[in-house]
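A.B. asks: Protein chains in written order, with the numbering used here: chain A, 1 to 529; chain B, 1 to 315; chain C, 1 to 291.
I should point out that these hints are in silico values taken from the structure, not numbers from a laboratory.
Fair warning: this is a prediction, and the values are worked out from it, not measured in the lab.
Among the hints, a few may not be true.
Here are the simulated DSS-like cross-link-like pairs (lysine-lysine), alpha carbons at most 27 Å apart as the crow flies [unchecked claim]:
| id | chain 1 | residue 1 | chain 2 | residue 2 |
| --- | --- | --- | --- | --- |
| 1 | B | 223 | A | 116 |
| 2 | A | 414 | C | 19 |
| 3 | C | 178 | A | 414 |
| 4 | A | 392 | A | 414 |
| 5 | C | 19 | A | 392 |
| 6 | A | 436 | C | 19 |
| 7 | C | 190 | C | 178 |
| 8 | C | 59 | A | 414 |
| 9 | A | 516 | A | 504 |
| 10 | A | 392 | A | 436 |
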Amino acid sequence: MALLEIENLRVGIGALDILKGVSLQVNAGEIVAVTGESGSGKSMTAFTVMRLLPAGFRYEGRVTLAGTQVLETTEAQMCALRGNDVGMIFQEPMTALNPVQTIGDQVAETILIHEKVSRAEARARAREALERVELPEARFPLTRYPHELSGGQRQRVVIAMAIALRPRLLIADEPTTALDVTTQAQILALLQRLVAEDGMGLLMITHDLAVVADMADRIVVMRHGEVVEQGETAHLLAHMQHPYTRMLFEASRHAVALPEPSVNPQALLQVRGVSRDYPLPRKRLFGPPGAFRAVDRVSLSIERGERVGLVGESGCGKSTLTRAILGLEQVQEGEITVAGQPVFTGTRPNRATRRRMQVVFQDPYGSFNPRHRVGRLITEPFHLLDDPPRGKAREAAIAEALTAVGLRASDAGKYIHEFSGGQRQRIAIARALIIKPELIILDEAVSALDVSVRAQILDLLADLSARYDLAYLFISHDLSVVRTITDRVLVMRAGRIVEEGPTKRVFDAPEHPYTKELIAAAPVLPELA
Amino acid sequence: MLRYAFRRFASLCISLIVASAVIFFAIEVIPGDPARYMLGINAQEDTLAALREQLGLNVPTHQRYLNWITGMVQGDFGTSYTYRSPVADMIGERLWISLPLALYALTLSTLIAFPAGILAAARRGSALDAGVMGVTQLGVAVPNFWFAMLMVVLFAINLRWFSAGGFAGWEAGFFPAMKSLTLPAVALALPQASILARVMRSALIDTLGEDFIRTARAKGLTKRQAMWRHALRNALIPVLTIIGLQFSFLMAGAIIIEQVFFLPGIGRLVFQSITQRDLIVVESVVMLLVFAVIVVNFAVDLAYAWVDPRLRGAR
Amino acid sequence: MSEALLDIEATAQPALWRKALASRNLMIGAALTLFFAGMALLSFVWTPYSVTGVNIAAKLQTASAEHWLGTDHFGRDILSMIMVGARASIAVAIVAVGIGMGLGVPLGLAAAANRGGLLDEIIMRGNDLVFAFPSLVIAILITAIWGPGAVNAIIAIGIFNVPVFARLTRGAALSLWKREFILAARVAGKGAARISVEHILPNVANLLIVQGTIQFSLGILAEAALSYVGLGTQPPVPSWGRMLAESQTLIYTSPHLAVIPGLAIVLTVLGLNLMGDGLRDLFDPRIRKAR
Chain A
1 MALLEIENLR VGIGALDILK GVSLQVNAGE IVAVTGESGS GKSMTAFTVM RLLPAGFRYE
61 GRVTLAGTQV LETTEAQMCA LRGNDVGMIF QEPMTALNPV QTIGDQVAET ILIHEKVSRA
121 EARARAREAL ERVELPEARF PLTRYPHELS GGQRQRVVIA MAIALRPRLL IADEPTTALD
181 VTTQAQILAL LQRLVAEDGM GLLMITHDLA VVADMADRIV VMRHGEVVEQ GETAHLLAHM
241 QHPYTRMLFE ASRHAVALPE PSVNPQALLQ VRGVSRDYPL PRKRLFGPPG AFRAVDRVSL
301 SIERGERVGL VGESGCGKST LTRAILGLEQ VQEGEITVAG QPVFTGTRPN RATRRRMQVV
361 FQDPYGSFNP RHRVGRLITE PFHLLDDPPR GKAREAAIAE ALTAVGLRAS DAGKYIHEFS
421 GGQRQRIAIA RALIIKPELI ILDEAVSALD VSVRAQILDL LADLSARYDL AYLFISHDLS
481 VVRTITDRVL VMRAGRIVEE GPTKRVFDAP EHPYTKELIA AAPVLPELA
Chain B
1 MLRYAFRRFA SLCISLIVAS AVIFFAIEVI PGDPARYMLG INAQEDTLAA LREQLGLNVP
61 THQRYLNWIT GMVQGDFGTS YTYRSPVADM IGERLWISLP LALYALTLST LIAFPAGILA
121 AARRGSALDA GVMGVTQLGV AVPNFWFAML MVVLFAINLR WFSAGGFAGW EAGFFPAMKS
181 LTLPAVALAL PQASILARVM RSALIDTLGE DFIRTARAKG LTKRQAMWRH ALRNALIPVL
241 TIIGLQFSFL MAGAIIIEQV FFLPGIGRLV FQSITQRDLI VVESVVMLLV FAVIVVNFAV
301 DLAYAWVDPR LRGAR
Chain C
1 MSEALLDIEA TAQPALWRKA LASRNLMIGA ALTLFFAGMA LLSFVWTPYS VTGVNIAAKL
61 QTASAEHWLG TDHFGRDILS MIMVGARASI AVAIVAVGIG MGLGVPLGLA AAANRGGLLD
121 EIIMRGNDLV FAFPSLVIAI LITAIWGPGA VNAIIAIGIF NVPVFARLTR GAALSLWKRE
181 FILAARVAGK GAARISVEHI LPNVANLLIV QGTIQFSLGI LAEAALSYVG LGTQPPVPSW
241 GRMLAESQTL IYTSPHLAVI PGLAIVLTVL GLNLMGDGLR DLFDPRIRKA R
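Full structure from sequences and hints, please.
C.D. replies: As structure tokens, then:
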């Protein structure tokens, strides 16, 4: 008998149907991955199984979990199931734990809720659960508070809470999306190990097809609240039926056709021996405050029209380096020049230098002032020009920028909330292009986008770089994207560049042990038959 | 924890020093010559000289400030010009009415507001919630002294449960004294309780929407368990801020409400002193009020650290 | 890449005007507030009777055809006094809130723009210091030196409003400074002052409007309290607070003397608070769900 059986599940609110007849199954010891783009309904399916949706939804169909009819049972019975027969872990580990309770208490609580044992015994079993998720006592006693742990460690605690009572089914909603590549690999390995040890079923929600292909026994592809295709992994990868599935996988491994780099290279951006320190809060009342070195004597150079990638995990200093290059932060050591001109003269950034560089950020929803129209938003960089265009010239510039990124000139009169995530990133690129810079820095610019949209934006980028002879610095933690969009790549760690070289060479034959670790940790999508 | 407490204590000392400097500057420097101010325009020169001598005005300003501070620390608040008696004595006995009144009101306010706010949040959208919101909406709009007047009419005159005013005195015993403070405390407490209940409710609702509550429910906690064991303590953090602020309003309110109940507290003293231009009394009373507020806020800061472990260790 | 649990893109929102009209809180609150504001304005040109004339013969009457709300112990028409008193309360409250906003908002913006720096620290400490002095205490200090009066009441309440707005603005601004569109403005070469005005201020405006109505209502309560103890509006100008003070000895025989000014205060404050709630719901529909 299947652990979890969902039959023709329909969920809606008011007049809106969100899930339109979802059916799937998870058996003991099996890993089933539900994948799809945003809005596909995959998280909603998971929350429905746990009946954790807020009030006001209507349900139809059947959900059978460990013999119980989830949609018809009482709340009290669901409480008995949750944490006991079925556990769930979520996407954001940084906010998933109660900040004012110790991790020991939080894990022990799962046990105390469901079983009548003494506090001492619950704590002993909590200790065991923490050991199982690789948080040893020496470094992680039960008295630790969540704020003392990193994101990956907190996610382990959440997993410990979920599996403390050895549930039969574990539901994981995008459990590693917010984590670094290497941490992600560890957490996924942990999950696989727990499944094997306990004979648990794992229902994993993720948008990352490489992870799915790596881990899952069966794949369920969802779109707009429906299951588009499902099947055993190897079979599905070899014999994709539905055009959407094909599109999804192709977009995931989309290889951008990079035009040839320009023939006459000149140095554009030169970073020499740059260091950036942040002062730390005083530990003692007297004595100098310590400093944290975010960027440690980094040197790099980018030539005209060159497409360079920068990979590194969170905290490696890539954001700080970006801000230093853009002239937003002072450096303590070294110098940064663009076409020979320094970014800073004394303490003031040089406008003439800065107008040769622009930036595209990660968050399509936070990159724009919600109160301004698109026309005003994309002309913000005009502030760097000595004589910005006005009147007709300004309108022409706006129209040119918008059409170059695949939008219409008439979009200039709209507000940003009228656009989707992918369209907003196009507008962000238009904003970066409008003063015709020579270098664009893209800081995780496609990381928040759906896979299909991402492929389009990457194509756009390649096209623009050829047309406008643009150099770009593409910063990302996503190795597969960097691989396809850059000629040369640098690997950064703890404030230092540990390796650099032509993209193909670095990915195929990495030299530095950290690079090797990164590449080994990143899940790879296998080739289609 | 110790380091945090030490830092907050240092902050308290600095606040006290700056506040005292501000008060000193306002009272003793701005009016120009305090002696002339107190005696009026037509004062005689020799009276002025005598007063200046008595007030210790003939030393440099910073010296006067230091004398004042050292005097206060030793319990000497100067001598009232109008009553010719030590200010410390006058304030002392009246402070023991105003301060307990404010604390009594604070206690009542908290005791009423917490259950009301928690229940309203737990049963959001229900008739109970609507009722709490309606009553508190009215409660925050009512001036406490007017409410006090109405209560006197109802409880003292019509029902005769309480006396209409006056203070029984601590010598009469704890309970009789508290009884005469009850109507004033209730009048003070009700508007503040309304504010506090609303803050409690919205803090709890906000906390209930956080991710870790979802995690708790996924472990099998019922909604009620999740609220009591996880949400409440986190919601206390913003509520504590308001309680600290409330104490200062309650001290001010106590002063005003004394007029309704003819309580011989600090209120009447300070208002008479203003009319009589007795700057020494005003200065001391203001200093004491500010001192009380700063100390209470320090206690609130310590309470924060008890509730929120993130503030304790410097990890 | 997260999938919001209820990832329904905002469909076309009804116009702000329509939503405003549909909000019960806002409509009732606005009606009450406008009623009293209207009375105050009207009192500049006309009141049923003069408020300075004393008419002992007509004293202590209850509501009648000639005096809709009755007369007080000096024979003055209570309705007229309420109308002129509205003027005092509203004027004091408005100017005090104006001072608070006018000084507090720029301070808050400056502190946030400086975040972590010396200016920020100074402004924060200053806030804390002023918070230690409740309005009443400031009023006591001011009146001890300069004597009682409406202007001094305005200054006292205004001073206390400054840290309220400074702290609110600073908090909201700090969270905005972290957003990427601010970073984009910095990349475009804009300085902190320009960014504060062009980007931060418009996005905190809603918050300030809501808080402004709340502080306005608190200002009315504060003015009433100060007038009650004699530190606010001075005779012969009528004020609601002082009407309450004068009614105290006569409350058992002529309760209307106390009830009417008190009700006026309650209704005005209630109106402002309802309006503030309504505005808050209007500006941020997400908050409506949480209420």
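A.B. asks: So, for every hint listed, does it hold in this structure?
C.D. replies: Do the hints match the structure? See the list:
1. Proposed proximity of residue 223 of chain B and residue 116 of chain A is supported: the alpha carbons are some 20 Å apart, at most 27 Å.
2. Note on residue 414 of chain A and residue 19 of chain C: the hinted pairing holds, with a Cα-Cα distance of about 22 Å set against a maximum of 27 Å.
3. A threshold of 27 Å between alpha carbons decides the hint, and for residue 178 of chain C with residue 414 of chain A the separation of about 25 Å falls inside it, so the pair holds.
4. A distance of roughly 19 Å separates the Cα atoms of residue 392 of chain A and residue 414 of chain A; the hinted pair therefore holds under the 27 Å criterion.
5. For the given pair, residue 19 of chain C sits about 38 Å from residue 392 of chain A by alpha-carbon distance, which is inconsistent with the 27 Å threshold.
6. Simply put, residue 436 of chain A and residue 19 of chain C have alpha-carbon atoms about 43 Å apart, too far for the 27 Å limit, and the pair is violated.
7. Between residue 190 of chain C and residue 178 of chain C, the direct Cα distance comes to roughly 15 Å. Compliance with the 27 Å bound is thereby established for this hinted pair.
8. Annotation: proposed proximity of residue 59 of chain C to residue 414 of chain A is violated, straight-line Cα distance about 66 Å (limit 27 Å).
9. Straight-line distance between C-alpha atoms of residue 516 of chain A and residue 504 of chain A comes to about 14 Å, which keeps the hinted pair within the 27 Å bound.
10. The hinted pair formed by residue 392 of chain A and residue 436 of chain A meets the criterion: a straight-line CA distance of about 18 Å does not exceed 27 Å.
Consistency note: the structure conflicts with the earlier hints numbered 5, 6 and 8.
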